[in-house]
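Take these sequences, add in the hints, and give me the full structure.
This is what each chain is made of:
There are 2 protein chains.
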Amino acid sequence: MFESAETGHKIDKKTFDAQVPGLREDLLNAQYDLLQNGKFSVIIVIGGVDGAGKSETVSVLTEWMDPRHIQTHAFFEPSDEERERPCMWRFWRVLPPRGKIGILYGAWHTAPIVGRVMGNLKSADLDQAIEEIRHFEKMLSDEGALILKFWFHLSRQQQEKRLKELQQDPRTRWRVTDNDWKRFKNYDKFRKVSEYFLRQTSAAKAPWLVVEGLDHRYRSMTAGKLLLQAMRDRLDEKPVKALLDKIPPMLPQLDGKDILTTLSKARVMDKNKYEKELEKWQGRLNIITRHPGFRNISVVLLFEGQDAAGKGGAIRRVMGALDARIYQGVPIASPTEEERAQPYLWRFWRHLPRSGRFVIFDRSWYGRVLVERVEGFCSENDWGRAYAEINDFELQLVRNKTALVKFWLQIDKDEQLKRFKEREKTAFKRFKITAEDWRNREKWDQYHSAVCDMVDRTSTAIAPWNLIAADNKYAARIEVLKSVVKSIENALQK
Amino acid sequence: MFESAETGHKIDKKTFDAQVPGLREDLLNAQYDLLQNGKFSVIIVIGGVDGAGKSETVSVLTEWMDPRHIQTHAFFEPSDEERERPCMWRFWRVLPPRGKIGILYGAWHTAPIVGRVMGNLKSADLDQAIEEIRHFEKMLSDEGALILKFWFHLSRQQQEKRLKELQQDPRTRWRVTDNDWKRFKNYDKFRKVSEYFLRQTSAAKAPWLVVEGLDHRYRSMTAGKLLLQAMRDRLDEKPVKALLDKIPPMLPQLDGKDILTTLSKARVMDKNKYEKELEKWQGRLNIITRHPGFRNISVVLLFEGQDAAGKGGAIRRVMGALDARIYQGVPIASPTEEERAQPYLWRFWRHLPRSGRFVIFDRSWYGRVLVERVEGFCSENDWGRAYAEINDFELQLVRNKTALVKFWLQIDKDEQLKRFKEREKTAFKRFKITAEDWRNREKWDQYHSAVCDMVDRTSTAIAPWNLIAADNKYAARIEVLKSVVKSIENALQK
Numbered sequence: 002m003f004e005s006a007e008t009g010h011k012i013d014k015k016t017f018d019a020q021v022p023g024l025r026e027d028l029l030n031a032q033y034d035l036l037q038n039g040k041f042s043v044i045i046v047i048g049g050v051d052g053a054g055k056s057e058t059v060s061v062l063t064e065w066m067d068p069r070h071i072q073t074h075a076f077f078e079p080s081d082e083e084r085e086r087p088c089m090w091r092f093w094r095v096l097p098p099r100g101k102i103g104i105l106y107g108a109w110h111t112a113p114i115v116g117r118v119m120g121n122l123k124s125a126d127l128d129q130a131i132e133e134i135r136h137f138e139k140m141l142s143d144e145g146a147l148i149l150k151f152w153f154h155l156s157r158q159q160q161e162k163r164l165k166e167l168q169q170d171p172r173t174r175w176r177v178t179d180n181d182w183k184r185f186k187n188y189d190k191f192r193k194v195s196e197y198f199l200r201q202t203s204a205a206k207a208p209w210l211v212v213e214g215l216d217h218r219y220r221s222m223t224a225g226k227l228l229l230q231a232m233r234d235r236l237d238e239k240p241v242k243a244l245l246d247k248i249p250p251m252l253p254q255l256d257g258k259d260i261l262t263t264l265s266k267a268r269v270m271d272k273n274k275y276e277k278e279l280e281k282w283q284g285r286l287n288i289i290t291r292h293p294g295f296r297n298i299s300v301v302l303l304f305e306g307q308d309a310a311g312k313g314g315a316i317r318r319v320m321g322a323l324d325a326r327i328y329q330g331v332p333i334a335s336p337t338e339e340e341r342a343q344p345y346l347w348r349f350w351r352h353l354p355r356s357g358r359f360v361i362f363d364r365s366w367y368g369r370v371l372v373e374r375v376e377g378f379c380s381e382n383d384w385g386r387a388y389a390e391i392n393d394f395e396l397q398l399v400r401n402k403t404a405l406v407k408f409w410l411q412i413d414k415d416e417q418l419k420r421f422k423e424r425e426k427t428a429f430k431r432f433k434i435t436a437e438d439w440r441n442r443e444k445w446d447q448y449h450s451a452v453c454d455m456v457d458r459t460s461t462a463i464a465p466w467n468l469i470a471a472d473n474k475y476a477a478r479i480e481v482l483k484s485v486v487k488s489i490e491n492a493l494q495k
Numbered sequence: 002m003f004e005s006a007e008t009g010h011k012i013d014k015k016t017f018d019a020q021v022p023g024l025r026e027d028l029l030n031a032q033y034d035l036l037q038n039g040k041f042s043v044i045i046v047i048g049g050v051d052g053a054g055k056s057e058t059v060s061v062l063t064e065w066m067d068p069r070h071i072q073t074h075a076f077f078e079p080s081d082e083e084r085e086r087p088c089m090w091r092f093w094r095v096l097p098p099r100g101k102i103g104i105l106y107g108a109w110h111t112a113p114i115v116g117r118v119m120g121n122l123k124s125a126d127l128d129q130a131i132e133e134i135r136h137f138e139k140m141l142s143d144e145g146a147l148i149l150k151f152w153f154h155l156s157r158q159q160q161e162k163r164l165k166e167l168q169q170d171p172r173t174r175w176r177v178t179d180n181d182w183k184r185f186k187n188y189d190k191f192r193k194v195s196e197y198f199l200r201q202t203s204a205a206k207a208p209w210l211v212v213e214g215l216d217h218r219y220r221s222m223t224a225g226k227l228l229l230q231a232m233r234d235r236l237d238e239k240p241v242k243a244l245l246d247k248i249p250p251m252l253p254q255l256d257g258k259d260i261l262t263t264l265s266k267a268r269v270m271d272k273n274k275y276e277k278e279l280e281k282w283q284g285r286l287n288i289i290t291r292h293p294g295f296r297n298i299s300v301v302l303l304f305e306g307q308d309a310a311g312k313g314g315a316i317r318r319v320m321g322a323l324d325a326r327i328y329q330g331v332p333i334a335s336p337t338e339e340e341r342a343q344p345y346l347w348r349f350w351r352h353l354p355r356s357g358r359f360v361i362f363d364r365s366w367y368g369r370v371l372v373e374r375v376e377g378f379c380s381e382n383d384w385g386r387a388y389a390e391i392n393d394f395e396l397q398l399v400r401n402k403t404a405l406v407k408f409w410l411q412i413d414k415d416e417q418l419k420r421f422k423e424r425e426k427t428a429f430k431r432f433k434i435t436a437e438d439w440r441n442r443e444k445w446d447q448y449h450s451a452v453c454d455m456v457d458r459t460s461t462a463i464a465p466w467n468l469i470a471a472d473n474k475y476a477a478r479i480e481v482l483k484s485v486v487k488s489i490e491n492a493l494q495k
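Protein chains in written order, with our numbering: chain B, 2 to 495; chain Z, 2 to 495.
Incorrect hints may have been included.
The list cannot tell twin chains apart, which means a pair is met if one copy fits it or any two copies do.
Dumping the calculated DSS-like pairs for lysine-lysine here, alpha-carbon to alpha-carbon at most 25 angstroms [to be verified]: (1) Lys183 with Lys193; (2) Lys190 with Lys123; (3) Lys487 with Lys193; (4) Lys123 with Lys402; (5) Lys206 with Lys139; (6) Lys402 with Lys495; (7) Lys123 with Lys193; (8) Lys258 with Lys162; (9) Lys165 with Lys14; (10) Lys266 with Lys281; (11) Lys474 with Lys281.
It is worth saying that the hints were derived from the structure and are not from the lab.
Owing to the predicted nature of the structure, the values given are computational and were not obtained by experimental measurement.
Below, the structure is given as structure tokens:
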């Protein structure tokens, strides 16, 4: 879910300077309207990676609004008074009353995340804490509180760079402590735990808003706009889409960057090189399925991508490496009558492999949030809840020692056109191009944002998306084979 | 939550024979309407105590309806096919399609409960399993399934009696195995774990329906009527009150018994005996507060009861035993302006005691589900969600080493009238009786059912209600003191 906050979002000074005065005025007006309305409180929770600008953003927000009606609280070690009461007592003490804004820096999310990263909490303990937080936040929002949770994120490279910069500047050197570097060593674990925690504690009425923290202008303006939007919606009594649980509001589009537009192009690979690499990786894949441990795991591969992105070709190269007795290919088209009489995921559950077997899905359960969403084949509520359902489903697979590898093959619009035309010209490829393909192409932009949402919401630590730049077919196929081999190797090591 | 299913519910043969033919006809009609409608499936989950008539009820339901459109599945040890897939696969395999009814005997609830009772699962593991079940059932109901979960209950005494009866009858002797008796030894633990599990996995759209299993006629008819009602509501497209999450539908009133009408009368106690007992228990209470461990725990007492039930008198006898420096009495009346600007529970959180201290609430957070519910001071949604919020709150108290003791003092309507009149006659008691008391009295029956609901939903293994028959003031006060002493003793042993 952090992918979109690692694309290098930036806003230039000119745009920023031009927009901030208006934003400040709107925020102040919203703050005074809240004071007058007096029907709800605003609770802003601040979390995220060290060095991603948490305290700076608190300062900016306080500066932009009237600080007399904002209460800011930071939580460090509990006092003895606090230790003698239930652990949530310290937060109850400082809840903002209706009409006011409270900013909580390092709130109830800190202890569970840090505890899990440091190994003091087991996975089930974390889930217990998550459940309690969910109840607490639900209670707050049922009591009318408007809750916004900001998570300021930096990629590993960005955080390292940022800490070094702070350290080199004499004015900020004091801010980087040994503890910060110690925590940096745990970056990957912290990212993994936070990702899970954020996903599990994001609710429609208490969403986590993941904001890239690299550029201070982008960060402040995104936070300010999100806060303004949320306050205005509530003050103007816009209905909240409570059904779309777990789906945070979209971040404002400030610079047009996203995970697909910033995906690097595939490297060029000629046929010669390709054939050598193909032999090498197909061989490795074949050998790994004869590993004694392979009998205890199973493999599920799924391929998604634009029409003509090369899914079929990639799948054939995988199958080519395998003993035909151990895999099953499952092309996903319209559901059968029997399947339509069952819950959506039933048609995929029925194909799950036994141990020691592969199942390869050509298109998959992600149809729910791609084609079914874009074409309106199911209601907004149905595709909206699908993200969480899919995450649950995949968690069950991975827990059951399944190596789950998910591929999105990405080509650009020109490349697709080229391939479509080629297909129309070549006799044995003509069956592969239909009127529907041309129709889908007209909805390119809608599919584009559905894919970004899909990756944001379902690329999890245990089941990440492999985004494959597929404009060079050869390079794409080799990358697919490599990822399959590596995922199986990982699963065997567990 | 099992209290209401331990009152000895029974239906006589005549009533049963008169009502069953109509019920069967209605059930069959509903079943055929479902088949024709074809828009949803009905999933019936069967769980409960051994000997409480689980399989008998399955047989009865199957007999009453057309067995060709009911699929019954019982789950024992998983097969090797099942073991190689995620553990929910075995349930996905047998989900009934839309239009049909599936009865699942020993479904996904069994493994977590048994695992926890046997000590194979930690408390946090159980919470994790609960969370997964909740997601699964939410998905099923979002996909349109109608889910009913029956829990057939017997009290410890009832179960013992039932097992012995089965064993003595040569026709049923084979049904009682050593395993049953082994499980019976774990009755208390099983009750405690099940109570927690049921409370946490009861949702508006997948409620647990706790049915007393003692009498086969009561049991079958309750199950049949609940099933019929749920199917009819859905077929006739009655709106489900989804907001009232966690509140199961009311059981049909078949015999007028409830926890208050079946509460035994207080034993008679004369003044002499009372004074001796008072001295004894006040002494014990005083001494226990000087126990070295007492510095590490805290005590929260709360008193609820009808007007003139003797709350104030009981509280004074508790206070009389304590050093005035270690307790604080908190009478709960209308909230202050500051309190009204905060979430409902805030006014109670602010009074929580430090370690080594008592706080005694004269009326409490239960006002939400008693006076505020009956008088309409808050919306149905607000008091509806309060049960779960209160359970969460009390769990936090108990986890924090707080001895929480909850009293409901119960008098009958005549006794109240007598006391009201007495108060009006006695000069120094006249301030205790107001017009409001007389008004409340007119709503006696509404309060009666609000109290039954409250106990059903908030009498938990960790924070049970003490129902005190208070028609004899002396006996009631001694019982209160005893319960306080015993609860503190328990808390000190943890």
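Provide an ascending list of the numbers of those earlier hints which the structure does not satisfy. none
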